[in-house]
Amino acid sequence: MRRVRPWLLGIAGILLLALLWEGYKAVMPVEGWVVNGVTILPRTSPQAMPHIWDIVARALEPETRAATALPLWVAMLKAAALTLGLAGAGWAIGVAVGLLLATLMQRFRTAESALLPWVILSQTVPLIALAPILKRSLSQVHIGAFTWQGWMSVALIAAYLAFFPVSVGALRGFGSPEKAHLDLMRAYGMGWWRTFLKVRVPASVPHLLPALRLAAANAVVGAVVAEVSTGLDGGIGRMIITSAQTGSADPARMWTPIIGAVLIGLVAAGIVGIIGAALRRYRRREATA
Amino acid sequence: MRFDTKELPEAVPAVRVAGASKTFGRKAKAVRALEAIDLDIRAGEFVSLIGPSGCGKSTLLRLIADLDRPSAGSIEVFGKPAAQARLDQEYGIAFQQAGLLPWRTVAGNLALPLELHGVPHAERNERVESLASLVGLADFIDHYPDQLSGGMQQRVAIARALAEGPRLLLMDEPFGALDEMTRERMQAELARIATATGAAVVFVTHSIPEAVFLSDRVVVMSPRPGRITGIIDVPFGDERPELLREDPAYFELVTAVREALHGTPVVRAEEV
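Protein chains in written order, with the numbering used here: chain A, 1 to 289; chain B, 290 to 561.
Derived from the structure by calculation, the hints contain no laboratory data.
For clarity, every value in this text was computed on a predicted model and none was experimentally measured.
Residues of chain A clear of chain B, computed beta-carbon distances all greater than 10 Å:
#1 Leu8
#2 Glu31
#3 Trp33
#4 Asn36
#5 Ala66
#6 Thr110
#7 Trp118
#8 Leu130
#9 Pro132
#10 His142
#11 Gly144
#12 Ser248
#13 Val267
Sample of chain B residues at the chain A side, in silico, Cβ under 8 Å:
#14 Ala354
#15 Leu356
#16 Leu376
#17 Gln378
#18 Ile382
#19 Gly388
#20 Trp392
#21 Pro402
#22 Leu405
#23 Asp435
Note that CB positions come from ideal geometry on N, CA and C, so glycine has one too.
The task is simple: from the sequences and hints, build the whole structure.
As structure tokens, then:
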């Protein structure tokens, strides 16, 4: 029963959302709620809010009228898998860079004063502005047989958003051991590196897991937005844009890739959840606190 | 069980503190935590440091452990400078907070110092088991610290301090956070362990009965600046049975330590 419960609650949540959607459509006027010519609540026309069954029916039909077109939901899953892969690559790079920066900042106080302001500043650069610049300058990179690919820019931008929470969370985690633990390691004659591995790294886990979760969410958003602004084909970001362009003629179509984006987020959160379960014994303090 | 301590010529003291001072902070804000401390502790001797908060008793212990460096004077442990003695693992240490790593089981915590110093696996397991039974926790070896009571955690911490058979045990108010009944049981256990291992013990406490019950000598300290104001011999020998707590000679020494702490004779009710 304890294993089934969360699933039942999850399904109940989806049903509730569907009920709200259809209920809102049934109750509100087609033009939404307009005060003084300003729309306060959204329109309920089929263009803005198609019926749920229309969205489902559209998902089962082929994506386009081309003879080779796949059913929309299959095309969506393929696009979602690509974006998830890009986000995953970005996440892995971001986590590695974040941990490296946090380690440097923990080891050298001067590194902390020198790096931390830049780490924070890095996140104030608007992603939309950054993506095309990155793409343009990196697409000219050719080193021997290696040529910079469009998807690499997307993964890089995802990494750019993912490293930030990891570096900040890990830095706090590395600084979190009790003084008695650090005294003990000194009494054992251990230097910085062994103390780091045996005490600071395990003690950082309760701080690190929320950071990994945030990094996963950031990596997904970063990948989707970067696909759109660098114009990479085949991912879910691109699919949302192309289906939105057919919006007035085929309004139910764009909801399938949107659901795809939500699925990517859920899978990413699930993977971090598995990592958290694997590190259970390092979270005992968190659980008992 | 093998908890033999290493051979040692009688003449070399376990701890020799000569003219040690410790000042925290600088210039106007400087706090003189310790002022010209001289103290010798013989091998196998149990010495308590007692005094009000701020008298520098914990600071003195930290200097002996080389967790802090003295501002002046010298500290030797078994004839070596304190820093060398720390690197050579000449002492075991326990703090007021048990300081067990929460992600390691009792066995994992006991194994930590052995692991760090490269004791082979088989020998390690053997030592961990005998340490756990020494403190009566053989059945709890796979438990995590948060599954143990405060007293049990502290017993693990003491066993961990004994892991490498040190000739010197440094203990900073190890029973400070325990309730009175657990505390008395732990004292009896520590007295037994100290005798069994033959290790010298430096024991920081603010409990007078605890200091008298456990020690061969009680070092009384006073604050601002921290210094030694008196040393009281406790000639009860190695055996410390529970009945000692009822002994008039024990009460007399408790009174003597109290008077040394307050600096004046304590007026007893029946003499008024």
